[in-house]
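Novice: This is what each chain is made of:
Protein chains: 2
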Amino acid sequence: MHVLVTGAGGMVGRKLVARLAAEPALFGTEVEKLTLVDVVEPPVPPSLQNMATALTLDLAAEGEADRIISGRPDLVFHLAAIVSGEAETDFDKGYAINLDGGRSLFDAIRREGIREPYCPRLIFASSIAVFGRPFPEKIGDEFFTTPLTSYGTQKAICELLLSDYTRKGIFDGIGLRLPTVCIRPGRPNKAASGFFSNIMREPLNGEEAILPVEDNVRHWFASPRATVGFFAHAARMDTSVLGARRALTMPGLSALVAEQIEALRRIAGEKTVALIRREPDPDIRKIVAGWPRDFDARRASELGFEAERSFEDIIRIHIEDELEGASA
Amino acid sequence: MHVLVTGAGGMVGRKLVARLAAEPALFGTEVEKLTLVDVVEPPVPPSLQNMATALTLDLAAEGEADRIISGRPDLVFHLAAIVSGEAETDFDKGYAINLDGGRSLFDAIRREGIREPYCPRLIFASSIAVFGRPFPEKIGDEFFTTPLTSYGTQKAICELLLSDYTRKGIFDGIGLRLPTVCIRPGRPNKAASGFFSNIMREPLNGEEAILPVEDNVRHWFASPRATVGFFAHAARMDTSVLGARRALTMPGLSALVAEQIEALRRIAGEKTVALIRREPDPDIRKIVAGWPRDFDARRASELGFEAERSFEDIIRIHIEDELEGASA
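Taken in order, these protein sequences are the chains called A and B. Numbering-wise (our numbering), the first sequence opens with residue 1032 and increments by one. Numbering-wise (our numbering), the second sequence opens with residue 1032 and increments by one.
Hints are not guaranteed to be accurate.
The list cannot tell twin chains apart, which means a pair is met if one copy fits it or any two copies do.
Calculated pairs, DSS-like style, for lysine-lysine (alpha carbon to alpha carbon, straight line, at most 30 Å) [stated by the list, open to error]:
1) 1199 <-> 1124
2) 1124 <-> 1046
3) 1221 <-> 1124
4) 1317 <-> 1064
5) 1169 <-> 1302
6) 1199 <-> 1317
Don't read these hints as lab results, they were simulated from the structure.
Produce the entire structure from the sequences given, and follow the hints as far as they go.
Specialist: Shown next as structure tokens:
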């Protein structure tokens, strides 16, 4: 099977490709050819060197989507996007990458299928940013999408295109509304959501981290491992049961910051927790207050998608996958 | 005030412009300049000849949206669209006119505002086609948009753009999800929904009409007069109460075909009703079965939008507005 991954250089993209190399059966496939695409050269796992092509390109640029689709991948993971903060400050770039980039890819698949019958499976990384406050206590599967950011708007639009193109038989699309990925590996970044990971990851490394909000803030999480698992499940699942509704809110764990901290205490002890420094930031508090806190992701759960059920599991996965089984 | 109407040559566009000429106060404005745009030359009401410009152009064509926005209209009615059936059979044309046409207009407003501060009110004709079955008994204001046609997809995408551009201060947008307009004046057309009007209009003209579905089919209606009233109300309302949720399901009348016929009987008598010929059409039945039947359009009602409350009112309005007060 020929697999294409856009945004293959990003955090989720790299983990997805690594997992595809290590456990192709999890994706219900054997990888015979792999095309990795990103705006910076994406890394290729050593075991896939002989079958992989890494391309540096901008999907929205004239002809580029046609170029990668001409290879007729059977399975497409479309992860390429600029993040929420950048899409908000750079309006043109957000729409160019997050909307036009996706549409270019979708239209290239359509053109290829007109040339010669073709209908790949396409799995799109959407986001809970398609929702905007005010919310019900738990956001259900039929709640409307009223994004409060350009990023969320662009994701919601791609979901609509995905369903329509699927209905027309252009591809077999599934949109995955991902929870906030936690614990993100790597160094702290400037995303407003970064602290949810920072206050776990940095103390586990023996370093201080800043908590800019109150302990009673609630949010919606999945580990990087569960996130890659969503893509794998979407690749192998029977899509005939989806009907016309192709965007799925992924399951996740709704947890308070206090519960995150309590889980950290149980796993790594008081000394580790003491590295969390409370430094309230009214700007971050205000941003976070607009975010979803809890979902009833019944449909995806019934379809077999799975996330963690406790924050301790999320911490353990981080220790296993990022710290080779040992915390500081 | 400078008013721009796109799709000014269509049925709703012509009625809107006529009403704007006759009752500008209803729109909360005095018209000083009027720009009418359509792909075929739109008619200009005699009383507005000296202040109106009629333009024949395609909004999605390079530079055309900039050309009409350079006149800096204060109030924009964006009605231009190709209809559901055509958008479904001509995929490229549907996306070009219904999505790219709207986005071109929105982006032209943005560019004009970057050149020199500018924030017109923009009222967009959306549709209940943004919803797709299965539905609840009554579709509420927070039900999700899962269109089952390319037309509905394009309308739902424009709603998302409208909210995001409004949030960014580019314009002050309102999207009106219009009920099926009934009784449509003119000759029968080939739209699958045409019979809802045909079975009223043709008998009132002393002519036979075909009913292709059962009497227990339920649908959602507003008269042409109420429809123009929605646009007028949206033009004059206080939009600060809308917040970020800019797409409104308009109020309407949920009626059975049997109730339509009973209303016709009460107003025009048995002889008129006898002109309705039952000729079941499985294709039309199947299409209609996928359409919304009833809404709880509470939010728009609370905001002051009004539709008819009985089908007799809808028939009387048709007789007053189209038949100069007399039926055959």
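Novice: Against which earlier hints does the structure fall short, listed by number upward?
Specialist: Numbers 4, 5 - these are the hints that the structure violates, sorted from lowest upward.
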